[in-house]
Every structure is written in structure tokens, then in C-alpha cells.
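Participant: Could you put together the complete structure from these sequences and hints?
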Amino acid sequence: MTILLVEDDEVDVMNVKRAFKKNNISNQLVVASNGIEALTLLRSDTLEYPRPKIVLLDLNMPKMGGIEFLKEIRQDPSLASLSVFVMTTSNEDSDKIEAFNLNVAGYILKPLSMDRFIAAVSTLNSYWTLCEYPQ
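Using this note's numbering, the first residue of the sequence shown is number 101, and each one after it goes up by one.
Calculated directly from the structure, the hints in this document are not laboratory data.
Treat the hints with caution; some may be incorrect.
Okay, derived cross-link-like pairs now, DSSO-like style, lysine-lysine, Cα gap no bigger than 30 Å in a straight line [stated by the list, open to error]:
id : residue 1 : residue 2
1  : K153      : K122
2  : K210      : K163
3  : K196      : K153
4  : K196      : K163
5  : K117      : K163
Facilitator: Shown next as C-alpha cells:
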């Protein structure tokens with residue numbers, strides 16, 4: 101299963117890749133640097149890999165932030181069923197409420213220590229490994 105990481109910070113992208121490696125997660129990870137790029141990728145008819153079913157989403161990004169991206173995909177019948185996990189520095193209750201109102205599967209604060217981040221990614225891997233997704 102392909103996983104889409106929507107993240108504009110290169111250090112955070114590297115941390116996610118490192119956490120995947122430490123947890124022996126072999127899922128293909130595709131990276132988009134903002135919501136617009138992610139939407140373009142998800143709506144493409146010429147993907148070179150299976151369409152992502154899981155999104156790891158930062159909220160604070162240029163061009164189109166995470167909440168705007170969530171609103172867009174939840175209004176698009178072909179994307180509305182995506183499982184989205186927010187991974188952000190925002191500890192604002194308003195962001196948490198808005199994200200959960202847009203049906204996110206989870207909300208993870210960063211920066212965690214690297215050990216805690218690796219453990220959090222391990223938990224996410226357990227979740228998406230246990231879930232059955234339609235073809």
C-alpha cells in the first residue's frame with residue numbers, strides 16, 4: 101500500500117523516512133510538499149504506483165495548508181475515504197477540533213523525540229496493517 105506524506109519541511113521528511121526504515125516499513129512513501137501538489141498527485145490518472153490510501157499530513161504548509169487540503173479531499177467523492185493522520189507542530193485546540201471534524205484518523209504532535217517518533221510510526225504501521233481497505 102502506498103502512503104502519501106504531505107510535508108514541506110525536508111528534516112521532517114527525512115525523519116519519517118528514518119522512522120519507516122527503523123520500523124522495517126516497506127510501504128512505498130510518496131512525498132508532496134504542500135496540499136496543491138498532493139491534490140494534483142492524488143487526482144492524476146498516470147500514477148506509476150498504486151493510488152495512496154493513507155495520508156500523513158502536516159497542517160502548516162505554504163500554498164495550501166493541511167486544513168484546506170482536508171476540506172478539498174472530503175468534498176471529492178473519489179478521495180473522501182482516504183485515511184488521514186495529521187502530524188503537526190500545532191497544539192491549538194481549534195486545529196485539533198477542525199481536523200477531527202474533517203474525519204482524521206489521528207492527530208500526532210511533533211517534534212517528538214526521535215525514539216517517540218519511531219514508536220508513533222510503529223503504532224501507525226500496526227493500524228494500517230490491521231485495517232482492510234477496499235481494492
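Participant: Taking the earlier hints as the rules, which of them does this structure contradict?
Facilitator: Per hint list: zero violations.
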